[in-house]
Amino acid sequence: MSGASTMMGVSSGSLVASSGADLTVYIFRRRNRHRHRRFSPGGIYITGSSLIGAAIKAPRITSKNLISVIFCEAVAIYGVIVAIILQTKLESVPTSQIYAPESLRAGYAIFASGIIVGFANLVCGLCVGIIGSSCALSDAQNSSLFVKILVIEIFGSALGLFGVIVGIIMSAQAAWPSKIA
Amino acid sequence: MSSTFGGDETAPFFGFLGAAAALVFSCMGAAYGTAKSGVGVASMGVMRPELVMKSIVPVVMAGVLGIYGLIIAVIISTGINPKAKSYYLFDGYAHLSSGLACGLAGLSAGMAIGIVGDAGVRANAQQPKLFVGMILILIFAEALALYGLIVGIILSSRAGQSRAE
Numbered sequence: 001m002s003g004a005s006t007m008m009g010v011s012s013g014s015l016v017a018s019s020g021a022d023l024t025v026y027i028f029r030r031r032n033r034h035r036h037r038r039f040s041p042g043g044i045y046i047t048g049s050s051l052i053g054a055a056i057k058a059p060r061i062t063s064k065n066l067i068s069v070i071f072c073e074a075v076a077i078y079g080v081i082v083a084i085i086l087q088t089k090l091e092s093v094p095t096s097q098i099y100a101p102e103s104l105r106a107g108y109a110i111f112a113s114g115i116i117v118g119f120a121n122l123v124c125g126l127c128v129g130i131i132g133s134s135c136a137l138s139d140a141q142n143s144s145l146f147v148k149i150l151v152i153e154i155f156g157s158a159l160g161l162f163g164v165i166v167g168i169i170m171s172a173q174a175a176w177p178s179k180i181a
Numbered sequence: 001m002s003s004t005f006g007g008d009e010t011a012p013f014f015g016f017l018g019a020a021a022a023l024v025f026s027c028m029g030a031a032y033g034t035a036k037s038g039v040g041v042a043s044m045g046v047m048r049p050e051l052v053m054k055s056i057v058p059v060v061m062a063g064v065l066g067i068y069g070l071i072i073a074v075i076i077s078t079g080i081n082p083k084a085k086s087y088y089l090f091d092g093y094a095h096l097s098s099g100l101a102c103g104l105a106g107l108s109a110g111m112a113i114g115i116v117g118d119a120g121v122r123a124n125a126q127q128p129k130l131f132v133g134m135i136l137i138l139i140f141a142e143a144l145a146l147y148g149l150i151v152g153i154i155l156s157s158r159a160g161q162s163r164a165e
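Protein sequence lines correspond, in order, to chains A and B. Quick note on numbering: the first sequence equals residues 1 to 181 in the UniProt record's numbering. Quick note on numbering: the second sequence equals residues 1 to 165 in the UniProt record's numbering.
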């Protein structure tokens with residue numbers, strides 16, 4: 001039980017955080033004539049599509065606005081880092097001790113840590129992606145705006161850092177039962 | 001096999017999930033608030049670049065929601081220490097409720113701050129007298145998250161009060 005929890009925590013952490021950066025889902029509303037983007041996770045997708053579109057008329061913005069894409073990528077890297085940290089905390093527990101309180105608690109701690117990092121970075125990636133797209137669009141019109149909107153992006157990326165901090169604090173509580181013969 | 005653990009075995013599941021709920025839902029609210037008002041600021045700044053720095057207020061207020069969730073998550077996760085103090089199901093449920101209270105309140109406050117911030121900064125660009133009004137509405141929205149933080153702290157302080165018998 002604790003083993004299943006830990007595995008789910010580690011995998012969900014990196015999977016969900018990466019999906020914040022990369023995957024996309026498009027759902028069309030049949031009744032409306034316009035296509036609505038109902039739910040598209042994926043900060044890099046959101047930023048990238050706006051950046052490429054805006055750069056048709058203003059090619060100067062491409063190199064500066066890649067910073068927004070890098071902010072989104074950092075979110076996925078947080079997921080990988082925490083997944084690596086969590087997997088060092090994994091330990092094989094002998095059958096007699098699977099349901100011991102210590103091993104249950106350690107399993108729950110790693111599970112919660114993975115969930116925290118995963119979902120916090122998921123929403124952080126979406127947020128930074130949306131702001132990055134509007135940053136690219138407004139930079140194409142007026143270059144003095146780039147730095148100002150970048151300040152807003154930095155506020156957004158702080159959310160992913162909160163998730164990593166709490167996740168690491170919580171994973172420090174994963175103390176498996178000591179090996180007794 | 002004797003263990004130095006006191007309390008119920010599955011109680012830490014609820015406790016840790018409470019900490020997770022606090023941070024995750026607050027971050028969802030903060031992200032929505034930041035993104036929605038950020039889009040408003042960027043759209044508005046094209047026409048009025050001098051107002052952009054003044055209009056970052058909704059973004060800062062949304063970021064504070066994430067900090068509320070961080071506070072409760074750290075309080076909860078340092079409170080789960082079955083070696084030092086027995087951790088019963090009562091404590092687990094108290095921590096779960098504390099985390100859900102703070103997190104879901106932060107989620108709702110973040111959605112409010114996002115929508116109000118977006119509309120407010122766009123309107124402020126056209127009518128400068130609206131700035132004070134926008135700030136007042138944002139403060140009311142932020143108060144929702146503060147209520148969640150207060151209730152969360154009260155609930156998590158009850159976690160030490162279970163009885164063994």
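Hints were generated in silico from the structure; no laboratory data involved. We treat Cβ as the ideally placed atom computed from N, Cα and C, and that holds for glycine. Any given hint might turn out to be false.
Unchecked claim - Computed footprint of chain B on chain A, listed as stretches where at least three residues anywhere in the stretch have a Cβ under 8 Å from a Cβ of chain B: (1) 70-77; (2) 87-95; (3) 114-121; (4) 146-152; (5) 161-174.
To be verified - In the DSS-like style, the derived pairs of lysine-lysine whose C-alpha atoms are separated by at most 27 Å in a straight line are: (6) K54(B) / K89(A); (7) K129(B) / K89(A); (8) K129(B) / K54(B); (9) K54(B) / K64(A).
Here is how each hint holds up against the structure:
Only residues whose beta carbon comes within less than 8 Å of a beta carbon in chain B count, and the stretch 70-77 of chain A has 0; fewer than three means the coverage is violated. With 0 residues having a beta carbon nearer than 8 Å to a beta carbon of chain B, the stretch 87-95 of chain A misses the requirement of three or more and the stated coverage is violated. Look at the stretch 114-121 of chain A against chain B: 4 of its residues bring a Cβ nearer than 8 Å to a Cβ of that chain, three or more, so the hint holds. Given a C-beta distance limit of less than 8 Å, the hint that chain B covers the stretch 146-152 of chain A holds, as 4 residues qualify and 3 suffice.
Coverage of the stretch 161-174 of chain A by chain B holds. Counting CB-CB distances below 8 Å, 7 residues qualify, and the rule asks for three or more. Of the supplied pair hints, the one linking K54(B) and K89(A) is violated, its CA atoms being roughly 46 Å apart against a limit of 27 Å. For the proposed pair K129(B) and K89(A), the alpha carbon gap of about 56 Å is over 27 Å, so the pair is violated. Using a Cα cut-off of 27 Å, the hinted pair K129(B) and K54(B) holds, with the two alpha carbons roughly 13 Å apart.
Under the criterion of a C-alpha separation no larger than 27 Å, the hint pairing K54(B) with K64(A) is consistent with the structure, at around 24 Å.
Hint check: violations occur at hints 1, 2, 6 and 7; the rest are consistent with the structure.
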